[in-house]
Amino acid sequence: MQIVQVSEVINETNNIKTIKFKLPVESKPGQFIMVWIPGIDEIPMSLSYSDGITVDNVGEATQAIHALEIGSQIGIKGPYGNGFDLSENNFLLVGGGTGIAALAQAAEKLSQSGKNLRIAIGARTASDLLFQERMKAFGEVHVATDDGSSGHHGFVTQVVEKLIAEKKPDMILACGPEPMMVAVVGLAGDISIQCSLERYMKCGFGICGSCQCGKYTVCKDGPVFSGQQLAEIEDFGKWKRDAAGKPVWF
Amino acid sequence: MADIRTEIAGLKLENPTMLASGILGQTGESLLKIINEGGAGAVVTKSIGMEPREGHGSPCALELDGGLLNAMGLPNPGIDAFETELKIALKGDAPVIGSIFADTGEKFSILAGKMEEFGASAVELNLSCPHADKYGLDMGSDPEKVREIVGQVKNSVKIPVFAKLSPMVPDIGQIALAVQEAGGDGVVAINTIKAMKIEPELGMPVLKNKVGGISGPAIKPAGVRAVYEISGTVEIPVIGVGGINTGMDALEYIMAGASAVQIGSGVHYQGIDVFSKVNQEISEFMDRKNYSKLDEIIGMARKGI
Chain A
1 MQIVQVSEVI NETNNIKTIK FKLPVESKPG QFIMVWIPGI DEIPMSLSYS
51 DGITVDNVGE ATQAIHALEI GSQIGIKGPY GNGFDLSENN FLLVGGGTGI
101 AALAQAAEKL SQSGKNLRIA IGARTASDLL FQERMKAFGE VHVATDDGSS
151 GHHGFVTQVV EKLIAEKKPD MILACGPEPM MVAVVGLAGD ISIQCSLERY
201 MKCGFGICGS CQCGKYTVCK DGPVFSGQQL AEIEDFGKWK RDAAGKPVWF
Chain G
1 MADIRTEIAG LKLENPTMLA SGILGQTGES LLKIINEGGA GAVVTKSIGM
51 EPREGHGSPC ALELDGGLLN AMGLPNPGID AFETELKIAL KGDAPVIGSI
101 FADTGEKFSI LAGKMEEFGA SAVELNLSCP HADKYGLDMG SDPEKVREIV
151 GQVKNSVKIP VFAKLSPMVP DIGQIALAVQ EAGGDGVVAI NTIKAMKIEP
201 ELGMPVLKNK VGGISGPAIK PAGVRAVYEI SGTVEIPVIG VGGINTGMDA
251 LEYIMAGASA VQIGSGVHYQ GIDVFSKVNQ EISEFMDRKN YSKLDEIIGM
301 ARKGI
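Chains A and G supply the protein sequences, listed in that same order. Per the numbering used here, the first sequence starts with residue 1, numbered consecutively. Per the numbering used here, the second sequence starts with residue 1, numbered consecutively.
This is chain A alone, in the form it adopts within the complex (with noise of 0.2 angstroms):
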């Protein structure tokens, strides 16, 4: 556990903030990290910056973190989990509401080595979108929204089954609600995909077994899988655990 100083914090939207602060560690993109919020709470979130986290409003946690300032004291536990396999050339990613954050990291680090990039995001409304502009210094941008304020109006599903029809990539990285990772990965068939999957943590190293997700410890296997893992995960896209270990399906 490290503490560590909140020295920005970023408004992306209505509900989106963006914390950020000097991480003392080096981290991969698609690892995360326990964040403490003293007295509150800790729970796990991606590194949407190498010093930086994105968080959704939604709970007694992220409020706690929309109410931190600049000089607010937090912990910090990790960089955990496996992060992305970046080796292939031709990417395409996919992000689903505040999933983009997971891949960020990424799409930085594929648009400095010069590789192949498209970058699909959904979100319910325009004004739900997050780091369409951060996105567009490192790829090609395509975006859907709910409600068709912005982009194709549906699921960024169909905007992902026109870009592979217009052009086969080496590799998927997609991270979002799992019923997307879910449609995402059937469209893929025979390209590699790599999804970044999310469950209730306690621990976030690998010895409470909470995240268990078929034979896989989210936390320490994970959070970013194979397609091939995917196919024996019995529980992908079905049930998640609740915080008792109970299956909730989705």
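Everything hinted at is true.
With a straight-line cut-off of 27 angstroms between C-alpha atoms, the simulated DSS-like cross-links for lysine-lysine are:
{"id": "1", "chain 1": "G", "residue 1": "Lys87", "chain 2": "A", "residue 2": "Lys238"}
{"id": "2", "chain 1": "A", "residue 1": "Lys220", "chain 2": "G", "residue 2": "Lys87"}
{"id": "3", "chain 1": "A", "residue 1": "Lys22", "chain 2": "G", "residue 2": "Lys208"}
{"id": "4", "chain 1": "A", "residue 1": "Lys238", "chain 2": "A", "residue 2": "Lys215"}
Far from chain A, some chain G residues (derived; all Cβ distances over 12 angstroms):
{"id": "5", "residue": "Asp133"}
{"id": "6", "residue": "Asp138"}
{"id": "7", "residue": "Gly151"}
{"id": "8", "residue": "Gln152"}
{"id": "9", "residue": "Lys154"}
{"id": "10", "residue": "Gln174"}
{"id": "11", "residue": "Glu181"}
{"id": "12", "residue": "Lys194"}
{"id": "13", "residue": "Arg225"}
{"id": "14", "residue": "Thr233"}
{"id": "15", "residue": "Ser276"}
{"id": "16", "residue": "Lys289"}
{"id": "17", "residue": "Lys293"}
{"id": "18", "residue": "Gly299"}
Everything labelled a hint here was simulated from the structure, so no lab data went into it. These figures come from a predicted structure and were not determined experimentally. We put the beta carbon where it would ideally sit given N, CA and C, even for glycine.
With the hints as your guide, set chain G onto chain A.
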């Protein structure tokens, strides 16, 4: 190659390493993986209670210099939901021991009965969790209460009944004696030791529950001492646990009198290969020293050979 098979209360184990309760073990597939890929001789489930329980708030686990500090607070899906998980674990080729916790002997008996019905090879009574009010250590620090609980559970099941004890008592031998006198089939020692981490930058304890239990290398000498005292007091088998990462660690427990060992934090430090690594190291040691069977070295340090 030395023979490292062992037997505890009729349970035949291919090797003396078991997964300790509380590490993974909440789902059937995680238990099965420890058997199939980890190579454990047996696995112990997470402690299961009567009802689903979320456990303590977070932070609930920390990596410290000498070990792991946790205050999980006995999260579990409840005994009824656990049937599915146990049945998956039973597909493996090793005994599955059901760990249970309760606040009365009657509830312990109900839980043990269900574990037996689901197919568990044995039950382990959690009389030692140091950070959950009413449960664990609150049940296991009084020899009379331990005698009563073990006796009640023994009357309700046919499978072996083990009691997991805490070192945080004045005389652990006396608690173990109560287990034996009540008909218990084995003693497991030790559970974690009460501990705390304070963050100086913030001037507050880090665990949400403030107090937790420390496991890992820091507690190994305390565990070895406890097993040594227990094995000098009772005849029933002892299973040693606390800070085992290597074959040499396991050998200390075995020589103190343990017929088998459990590994928990070691899974964090070494990965799930820790079981096969420890087995390999025990085997190599025995070959080097010309011991052919594990029995020859169990309790060796106590015999003073």
